[in-house]
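Enquirer: Could you build all of it, start to finish, from the sequences and the hints given here?
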Amino acid sequence: MNNTREHWGSRLGVILAVAGSAIGLGNFLRFPVKAAMYGGGAFLIPYFIAFVLLGIPLAWVEWTLGRFGGRYNHGSAPGILNAVVRRPWAKYAGSIGVLGPTLIFFYYVYIQSWLLGFAWYSLTGELLRAVYDDRVSAFFGNYISLKATVVGGVPASLFFFLLTFVINFSVVAFGVRRGIEVLNRFAMPVIVVLGLVLFVRVLTIPGIERGMAFMWNPDFSRLSEPRVWLEASGQMFFTLSIGIGALLTYASYVKRRQDILMSSLSACAANEFAEVILGGTIVIPMAIVVYGAANIQEIASMGNLGLGFNTMPVIFGKMPLASLLQSIWFSLLFFAGVTSSISVLQPAISFFEDEAGLCRSRAVGITAAVCFVMSLLAVFGLEAGAVDELDFWGGTLLLVLFGTLEAIVFAWIFGASRGWEELHAGASIRLPAFFRLILRWVTPLYLIVLLGAWLATDFGKAILLDGIDPAQQVVFLGATMAKTSFIWLVRGLLLALLLALNLYIHIIWKRNRIDERLAAADKAGVNNA
Amino acid sequence: MHDHLTTGGWLFMLLAWGGIIALNIFCYYVIMRDRQEDIVDPMPEELDRDK
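Protein sequences, first through last, are from chains A and B.
Under my numbering, residues 972 to 1500 are what the first sequence spells out, in order.
Under my numbering, residues 10 to 60 are what the second sequence spells out, in order.
Just so you know, not all the hints are guaranteed correct.
What the hints assert, rightly or not - Straight-line alpha carbon distances no greater than 25 Å define the calculated SDA-like cross-link-like pairs of lysine to any residue that follow:
hint, chain 1, residue 1, chain 2, residue 2
1, A, 1226, B, 38
2, A, 1226, B, 42
3, A, 1226, B, 43
4, A, 1432, A, 1195
5, A, 1432, A, 1198
6, A, 1289, A, 1120
7, A, 1226, B, 36
8, A, 1432, B, 12
9, A, 1226, B, 41
10, A, 1226, B, 40
11, A, 1226, B, 12
12, A, 1226, B, 13
13, A, 1289, B, 13
14, A, 1226, B, 39
15, A, 1289, B, 12
In case anyone wonders, no lab produced these hints; they're calculated from the structure.
Being a predicted model, the structure only gives us computed values, none of them experimental.
Expert: Below is the structure:
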């Protein structure tokens, strides 16, 4: 078992790393689409309510629990929840805080590799030629189909996938301080500069006021729809990287008296700058100017990826310095993607290092091997629906489930008063007392209602594969099968992973005598203030 | 559907942008103000697992 854990090199370093984890594709693609679809400026009302009642408090919960667990040399959810709860079930419940983020990596790395590929084709001018020939959709389709577009005889999407995979694991192999922190110190300023360049360019387009009007003029009638409130709350999970387990792990590497209250708030603030100001200005207003408001529903229905890979290259293609703007767009998204993807890798690496007692190279090696095999499912099973299925489990269900579990553990098991003091240890400011009430009651109850509403409206349909034609056939690795069979195959694999992880947790807990070590650490006064 | 930002639109945009920028300025002001006290000491050589 690891008794000498790393720490972040500086306070700014951890803030940039956490902000980097939060700022991802969702800031630039998902948020503007949701805002445009659900009431424009009025969407910001439930959005900011969710930010105050759900986002910021849950981020504080993760930072607090994470730093607490870090003092016992635990950096992954099973170890941290076990240290907090001190009941046998906690370590097994924590398994979703390791599996969830890793599931996200399985498909996120592939989508991220498209960004690298498209940044390359923007630089070479190939993407611009596709714009001039009116075949951007076909170019994108060929790229992800592993057929027509090749680099050195290898399908381009496979080539860039391997490159992106290696980049991600090269960063985490250097550790938290020399890998993740160093990357974020470089990438975060790059993201802000590239975002600001596009922001200024968009604001100087003739007629941009029409786009801004569509984005910001409030439609208050939409506030009566529960769906709008549900979507705003859901966006908060995606945007702040809460409920994933990544913040928990990052926070376990901060020092005992480091100010987690302000660090967390700063990272949330930086994320909102990237999302509302940059993300809210770049995509939808530009699309409105170029395509007109009448076509925006059709554009939004293409989904985030259609908007990012099909619509945006065309829009930039109609401007002066088109290749440069396309390159900036895809580089911005790629850097935003990398800073997020390395954060979802770290919980698994920390699990192998801190709970299983492996050295970093072995921890990274095992994580890389599992991720590589499972990512191939996303690469070769994209058209069969593997990415959507992985996103449903990793990017939706486990996220909300784990977030709710964390809020309950903090408020009602760890204890809100104890948590409040723990949050304020080393803090530069003291929060107003009503936040204690929010942390104790509002956030956990909000999450329980949110989870319940989501289970009642969407979960059943998704589980029973509602909307998928049972006769629909898909091809996976040369084998033709019903799409429903393929999806159940993916689900079986995920269930096997979950069971294997829990079995492994059971074994290493006994082998490494983790509970005895916790008791000994308590005796030695590890967590005495 | 308006072709221009209405008063409500301007209000929402400026309040949202202003609020976020103010929050960022506040956070980074506090962090920079307390920077000297909060810089984390380098990890002792014997504890540094990277070496």
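Enquirer: A separate judgement is required for each hint: does it hold in the structure or not?
Expert: Consistency of the hints with the structure:
Taking the CA atoms of residue 1226/A and residue 38/B, the gap is near 21 Å; set against the 25 Å cutoff, the hint holds. Between the alpha carbons of residue 1226/A and residue 42/B the distance comes to roughly 19 Å, so the proposed pair stays at or under 25 Å and holds. Distance restraint check for residue 1226/A and residue 43/B: the Cα-Cα separation of roughly 16 Å lies within the 25 Å cut-off, and the hinted pair is therefore satisfied. The hinted pair formed by residue 1432/A and residue 1195/A meets the criterion: a straight-line CA distance of about 24 Å does not exceed 25 Å.
Our distance criterion of 25 Å between C-alpha atoms is met by residue 1432/A and residue 1198/A, whose separation comes to about 16 Å. In summary, the hint linking residue 1289/A to residue 1120/A is supported, as the alpha carbons are separated by about 24 Å, within the 25 Å threshold. Only pairs whose Cα atoms come within 25 Å are accepted, and residue 1226/A paired with residue 36/B is accepted, the gap being roughly 19 Å. For the given pair, residue 1432/A sits about 39 Å from residue 12/B by alpha-carbon distance, which is inconsistent with the 25 Å threshold.
A distance of roughly 18 Å separates the Cα atoms of residue 1226/A and residue 41/B; the hinted pair therefore holds under the 25 Å criterion. A threshold of 25 Å between alpha carbons decides the hint, and for residue 1226/A with residue 40/B the separation of about 16 Å falls inside it, so the pair holds. Distance check on the hinted pair: residue 1226/A and residue 12/B sit about 52 Å apart at the alpha-carbon level, beyond 25 Å; violated. Using a Cα cut-off of 25 Å, the hinted pair residue 1226/A and residue 13/B is violated, with the two alpha carbons roughly 50 Å apart.
The suggested pairing of residue 1289/A with residue 13/B holds, with an alpha-carbon distance near 23 Å, which does not exceed 25 Å. A threshold of 25 Å between alpha carbons decides the hint, and for residue 1226/A with residue 39/B the separation of about 18 Å falls inside it, so the pair holds. Restraint check for residue 1289/A and residue 12/B: the C-alpha separation of about 22 Å stays at or below 25 Å, so the hint holds.
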